[in-house]
Amino acid sequence: MFQDLDIKEIEEKIHLMKKNVEELNEMVNGFPALEKNTSRILASINMLEINLSDLLDL
Amino acid sequence: MSKEPIFWNPLLETLPQEKIRKLQLKKFKRIFGWVYDHSKFHRSLYERAGMTPADIRSFEDIRYVPKVEKAMMREIQQRDPFPYGDTLCVPLEEVVEFHQTSGSTGHPVYQADTWQDWEWFSESWAFILWAQGYRPMDRVFIPFGYNVFVAFWSGHYAAEKIGCEVIPGGVLDTKARILKIQELKPTAMMGTPTYILSMAATAKNKMGIDPSTLTINKITCAGEPGASIPSTKKRMEEMWGAKVYDHAGATEIGAWSYECQLQPEGMHVNEALFLVEIEDIETGEIIEDPGRQGKMIITAFDRQAMPCIRFDSKDIIEWDPEPCQCGRTFRLIKGGVIGRVDDITKVKGVLLAPSAIEEVVREIEGLGEEYEVVVDKEGDVDRITLKVELLPGKEDLQASIKNLITDQLRLKTNLRYNLEFHDYGTLPRYEVKARRFKDLRKTH
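Protein chains in written order, with the numbering used here: chain A, 1 to 58; chain B, 1001 to 1444.
So that you can see chain A by itself, here it is in the shape it has in the complex (with noise of 0.2 Å):
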């Protein structure tokens, strides 16, 4: 149930996930298959984001 879920907890897997990827992102200038791919999955945290980690410290 999400009622169960440690918000905080979702939200700094969430925070951890994005700065590896961006880190990932920033190794890989010139290696166009690692570096757009990490740009797709940085939009995809970004949703993670939205449903989520904006909603913290209302």
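For the record, the hints were derived by calculation from the structure and aren't laboratory data.
All of these numbers come straight from a predicted model, not from anything done at the bench.
All residues carry an ideal CB built from backbone N, CA and C; glycine is no exception.
Hints are all accurate, no fakes.
List time: in silico PhoX-like cross-link candidates among lysine-lysine, alpha-carbon distance up to 20 Å: (1) K1412/B x K1346/B; (2) K1070/B x K1040/B; (3) K8/A x K1022/B; (4) K8/A x K1019/B; (5) K1412/B x K1387/B; (6) K1234/B x K1412/B; (7) K18/A x K36/A; (8) K1026/B x K8/A; (9) K1070/B x K1314/B.
Interface residues of chain B toward chain A, partial, derived using beta-carbon atoms under 10 Å: (10) N1009; (11) P1010; (12) K1027; (13) E1094; (14) W1115; (15) A1272; (16) D1302.
With chain A held as given, fit chain B onto it using these hints.
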């Protein structure tokens, strides 16, 4: 076994209204800061009004932010850099999607989206489809000529995101699409009300197939207000034997509103992704209370490349006083989008909304699905003509239908019409947005 989730986002869709306002203020500040820093067009607009992001301190401050009209976008896009003018907030190399408005009110406006915007657009549609009962086991048929218009591209991607199986019914004619439905047995479909009705008529009258015997059990409509007009919705539901749901969206806005499975005679505004304000057409005052119509001013909070900030949509809406029983706290707009400021016109001194005529025509049995309204002048006096078609085999009902339609139109619109009966199939047919209302007075 866990119960199937009712909501696409159980946190956002059940958020108390006071928290929704806080979320909206937080997100408005963010997008306002983004455009101020990245769009020359917006920055210049706000500087002329003496506004900076620091001026947005409370929810009430938002209403002082200058509105953007479609005409302004058109004008700015006539200038360099091609093709978006100074509206773009990201480098051109980050743009991955081009779409344009239909051009039904003037030159089309071009819309650029990044991949993140495109993810967001399909996300806004995922709220809609989930609320209308789309689930991974659904097979979704999209009878849409995939092209520069955004409608249903994002529906397609959202259905995939949910996990549905999507059948793109693109470059097929109507008969081929009906045969594809018969062959592949999809459970859901998306289309404009005009085309959904036209498909059903083709199946029934030209192919001898009763569409209600096919496998479609839900239809999502877009592009026209028909699915929120009770008689049009009923006609579609009876023809297809399916539930018909409305949604509202626009190229330059996003998919901002949707009917849920309870069909509450209204649509939920997705208040987590959009800020909808209703403005009194005469005074410009923001209407907070239910029951008063005005035009919609809308902000999309999360669109990056060409943001939509306090866009004057010209859609006429009103808040519903009642919450929906589905459990969503997102407010309802009563009766969906009631019309457009541009469409409401005075005929013989009486204000007329074309949707009122559609409501009458579509509830009369024996009439075909198409009609046309022509307003012109006879000397100095306005004249309004309604052209309708009788269904095949219903010709003997002409006299009784004439009396019924005349009475109903006088009751609902306060006007007297010249009524013309045409042979079935002779009035124009439309595949996307219909143009059934023709005001010839403006060309005289």
